[in-house]
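Visitor: Based on the hints, put chain V in the right spot on chain F.
If you're matching them up, the sequences are chains F and V in order.
Using the working numbering, you'd call the opening residue of the first sequence number 1 and step up by one each time.
Using the working numbering, you'd call the opening residue of the second sequence number 1 and step up by one each time.
FYI, nobody ran anything at the bench for these hints, they're computed from the structure.
The reader is advised that the hints may include incorrect statements.
[Said to hold, decoys possible] Cross-link-like lysine-lysine pairs, in silico, BS3-like; alpha carbons within 27 Å at most:
no., chain 1, residue 1, chain 2, residue 2
1, F, Lys333, V, Lys138
2, F, Lys27, V, Lys394
3, V, Lys299, V, Lys349
4, F, Lys333, F, Lys297
5, F, Lys333, F, Lys256
6, V, Lys245, V, Lys349
7, F, Lys415, F, Lys333
8, V, Lys283, V, Lys394
9, F, Lys297, V, Lys394
[Stated by the list, open to error] Far from chain F, some chain V residues (derived; all Cβ distances over 10 Å):
no., residue
10, Phe17
11, Ala24
12, Gly93
13, Ser110
14, Asp224
15, Val241
16, Lys245
17, Leu256
18, Ala280
19, Arg287
20, Lys366
21, Gln393
22, Gly397
23, Val405
The structure displayed is predicted, hence computed values, not measured ones.
For glycine and all other residues, C-beta sits at the position ideal for the given N, C-alpha and C.
Below are the chains, spelled out letter by letter.
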Amino acid sequence: MTDVAADPFETITTPEGVEIHLARTAKYKTVLFQWNVEAPMDDDVSARALLSDLLSRATRRTPGMAEMAARCEEMYATEIVSNAYRLGDRQVVSFGFEAIADRFADEGRRALFAECAGLLDEHVSDPPLVDGAFRPDHFEQERTNLVRAIEGLDDDKSAYAFRQLMAAHLPGTPWARHAWGTADEARALTEPDVRRVWQDLRTKPPVRLFIVGEVTPDQAVEAARQLSGEGQRAPLCGAVQPPPIVAREVVVKREKQPLSQSKLGLAFRIDPSVIGSAAAPLFSMAFGGGSHSRLFKTVREEHSLAYSVHAGVLVDASSLVVQAGVDAQNASKARDLVVGELERFVNDGIGAEELDLSRRAQVRRLEALRDSPNGWCHFRHAALVNGRPHDLDEAAERVASVTIDDVVAIAAATKLDAEYLLEGTTP
Amino acid sequence: MTRSPTRLAFTPIENRFGETLLAATTPSGLEVRLNPRPGWVKTFAAFGANVGSVDRVGGPGGDPVPEGLAHFLEHKLFEDEEGDVSDRFALIGASTNAMTGFSGTTYIASTSDAPEPIVELLLDFVQRPYFTQELVEKEQGIIAQEIRMYDDDPDWRLFFGVLGEMYERHPVRDNIAGSVESIRAIDANVLQHCYDLFYHPRNMCLAVSGPIDVDAIGEIVERDQAKRDSGERRRHVRPTVDEPKARRGERFATSLPVARPRLLFGIKETGLTADEHTTARQKIETRLLMSLLFGRSSKAFEELYADGLVDESFGASYSAEVGFGFTTIGGDTDDPVALEERLRDVLIKARHEGLDAEAFARIRNKVYGQMLRAFDSPESVAYELISATFRDQKPFGGLELVESVTLDDLHVRLGEHVREDAIVVGLLEPQST
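Same shape as in the complex, but just chain F (with noise of 0.2 Å):
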C-alpha cells in the first residue's frame, strides 16, 4: 500500500458555526469548494431543490443565463455546482464549485479561488430580484423545469425500480422519499414559499464547508464568513438513527411495463444493533458487491440470468438492497437464488479467502478515495452524517479488523422485507 500522510483535512469551526473540512495540499490541478446545507427531509425539500436550480442560474450581477455561462468560461470553465440529494434521513442543499488552483491560471487572474468564491457567494445571496421577489419569469421556468425532472426520475427503469422498492421497504420514511420531492408538491411551489425557504437557508441551517485543494486556512475561513452571512448557523445534528424494524409479512409489490428487461429488487433489515460495525458493508461486498461476489457468481456466471446483479448496503437505514435486471420468467428463479444465497451464507458461513477478497476490495475503494477530491468529501460528509469514522486511515482500521463471525453474524442479522418486481411486457 502506497504511504500517505493520515487524515490530511484540518477540521476549523467559524464563529458563525460553520465547519469546515480543509485539505490543503498541491497534488491537484484544480479545486473542489462544497457548501453543504444540512436540513430536515420536511415539507419544504422541494422548495430547498428549487433553489438550488433558480439560485445556480444568474445573479443580480449578470442576471442572463448565457452572460452567466459566459463569464464561467472566462474563468477557465469554472462550473458552479448545485444539487439537492438525501444523506441519511436528512437532505443536503449544496453549492459549490470546481476550477482550476490558481497557480494554473494567467498572470492577472492568480487570485481565482477568491474569484470563484466570490462568485458563489453572488449565486447564494445576491440573485437577481424585482420588488425583493424572485424573478417570475425565472420562477417559473424553474418550477416547470423541476416537476419535469421528478417525472423524468422514472425513465431510468433500475433507479425508479429502486425507489418503489424502498417505497414499499421503508414507507413512512425519509428513505422512501426523494430529496426533490414530489412532482406536486414542487407544483405547489409559491414564490413567497421559496424565498421563505431562501432567507433561512442562507444564514440559519447548520453547513459543512469541504475543500480540496490550495487554499489557506485564512481563505477557507474568508470564503466561509462571506457565504455564511451574519446569522448565527443551528448545531449539526446528531448521527442518523436507522427506521425502527417493524415485524410484518414480506412486502410484495409487482407491477407491469412495456420494457425488455425486468427489474427485480429484494429489500432486507439488518438488525440496527449489528449495523454499526465494519462487517455490513464487508457482508455485502462478498454478498453481492461485484464480480467475486456470491450473487454474482450464481446468478450471472453460473446462470446466466442478468448482466447485472448486485447487493449494496444501506448502513444508514440498516438495510441491504439487491436488484437484477433479468427476463420476467426468470424473475421468480432469480429470486429464490438470492434468497438461498443469503441462507448459504449464513449456514455455511464464508472462507477466510473469500472475505480477504472482499476486505480487500472495501480498502481499495476506500485508499481511491485519496486519489478523488469529489469521493473522499462525500464520504467524509455520509460518515459525519452517520457517526462513523470519517478519516480513511481508521476506517481502513476497522474494516482490517472484522472477523469471519462478524460477517456471518451480519448475515444471520439479515431478513427479508420487501419485493418488487418490475416485470417488462415487451417480448
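Guide: Leaving out everything else, chain V in the frame of chain F:
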C-alpha cells in the same frame, strides 16, 4: 531484488500542463504510454485494442466479422481455463473491467496496492485467450440481458435510431453489443479467428497512470512482450465503407415508457477524409462550432430555455473517426416540433449572420480549463493516451489545435458540415404504461 533498468526507451511527450507523459514502443510493436504520478495512491492501467463495433472486416483478406463480435470478445477474455480473471485481480487487491466502443476495446484495472502485478496480469489475460463452446453459450445469455437493458434505455434507443437513419451501410449504425440474434451466430471458432485478426501487439496500446516506477513497469512489459509476436500483422486500418454521402432516411420515431418526448437532431458528416490529422482538426472545429451555437453561453440556448423548449438535458456533441462522423443536438422537450424548427433556424441564421466573435475569443480559456481538469483523473489521462496513440495524434494536443483555429475556419466548417440532406431527426415519445 536487484532489477536491471528497463531497455525500453521511454521518451517524454511534450505537453503544456506540466505533466510527465512517457512513450515507448516494444520490439513486438506494442505502444506503451506512462504517466507517473508521485504522491497519488491509485494506479490505473488500461490496455486498448484497436478494434470496435465498426470493425466488420479484418485481416489482409478482408475476413467478415459478425455484428457484436468485438463486444463478445471483451466479455470472453475475462474467463480462461483457471476461471474468472476478475478473481485473480481481486486476489492482488485490484478491480478490473472493460468496455467496447465504435473503434476500440479497452481493458482496465486499478489498485491502490503495488502497480506491477496488475499490469502483469492485465497484459497476460488479454493476450491469452481461452474460448470453449460451453463458455461461449453461457455468455450469450448474459450478453442478451445486457442488450435488453440497453433496449430500455431511452437515450441509447434514440441515438442508435438516429444513426440507423443516418447511415445506409456503415456499421456505426449497429448496436455496439450486436443484437440478441447476431450474437447467437458467434461461436468459439469465430471468436478465435477474430481474436487473431485484431489482438496482436501492433494493434494494441498499454497506458498506465499512477504512482508507478517507470523501470519496473518497463521491465514487466518487456518480459511480457518477449513472448509475443505480431508477425507480419500491422495496425488495423479500417477499410473504406461504400457509404452514400446523403442520409439514409430523414426521420426516426419510437416510443418507450418515459415522462416526456425527446428530440435528437442528427447531422451526418459528409466531409470525411481518410487522414487522421484532418479528422482530428475537423473534430475540434466542429466541437467548437457546436459549443458556439448551442453551448450554455450561446444566445440560442438561453432563448430556447426561456421559451421552455429545452432544459438542462439539452446538449450538442460531435463524434468522428476516419470513416464516420456525426453531430447530435437535443434533449427532453414538451414540443419537439417547435424545437426542431428552432434548431433549424439557429443553423440557418448562423450561416447568414456568422458566429459570435466574442464567444470565440473565450474559447481558449474554456478549453484550457477543461483539459487541465482532466489531468486530475488518472482514468482520463490513460484513455487520452490510448486514443491519441491509435489516431497518431499528440496526447492532449487539443489546446494547440484550438489555438490554431480561426473564426473563418469555423464559418467554413459550418457551411461544409450543416447540409439539409445530412440532417436526421429522431423522436422518442412517451408510451403509456
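Visitor: Find the nearest Cβ of chain F to the Cβ of Ser110 (chain V) and say whether that gap is larger than 10 Å.
Guide: At about 7 Å from chain F, Ser110 (chain V) fails to clear the 10 Å cut-off, so the statement is violated.
Visitor: With 10 Å as the threshold, tell me whether Lys245 (chain V) passes as away from chain F on beta-carbon distances.
Guide: Non-interface label on Lys245 (chain V) holds, nearest chain F Cβ at 34 Å vs cutoff 10 Å.
Visitor: Within 27 Å, alpha carbon to alpha carbon, are Lys245 (chain V) and Lys349 (chain V)?
Guide: Cα-Cα ~24 Å, so holds.
Visitor: Does the structure keep Lys333 (chain F) and Lys138 (chain V) at a Cα separation of 27 Å or less?
Guide: Status holds; Cα separation ~17 Å.
Visitor: So is Ala24 (chain V) really clear of chain F, every C-beta pair being over 10 Å apart?
Guide: Per Cβ check, Ala24 (chain V) is outside 10 Å of chain F; nearest 24 Å; holds.
Visitor: Does Phe17 (chain V) clear chain F by more than 10 Å, comparing its Cβ with all Cβ atoms of that chain?
Guide: violated, 7 Å
Visitor: Taken at face value, is the distance from the CA of Lys349 (chain V) to the CA of Lys299 (chain V) at most 27 Å?
Guide: Roughly 12 Å between the alpha carbons, so the hint for Lys299 (chain V) and Lys349 (chain V) holds.
Visitor: For Gln393 (chain V), is the shortest beta carbon distance to chain F beyond 10 Å?
Guide: holds, 22 Å
Visitor: Does Val405 (chain V) clear chain F by more than 10 Å, comparing its Cβ with all Cβ atoms of that chain?
Guide: holds, 16 Å
Visitor: Taking 10 Å as the cut and beta carbons as the points, is Leu256 (chain V) off the interface with chain F?
Guide: Leu256 (chain V) is in fact no farther than 10 Å from some Cβ atom of chain F, at 8 Å.
Visitor: Need the status of pair Lys27 (chain F), Lys394 (chain V): alpha-carbon distance at most 27 Å?
Guide: holds, 25 Å
Visitor: CA of Lys415 (chain F) to CA of Lys333 (chain F), is that 27 Å or under?
Guide: holds, 19 Å
Checked against the numbered hints above, the structure breaks hints 9, 10, 12, 13, 17, 20 and satisfies the rest.
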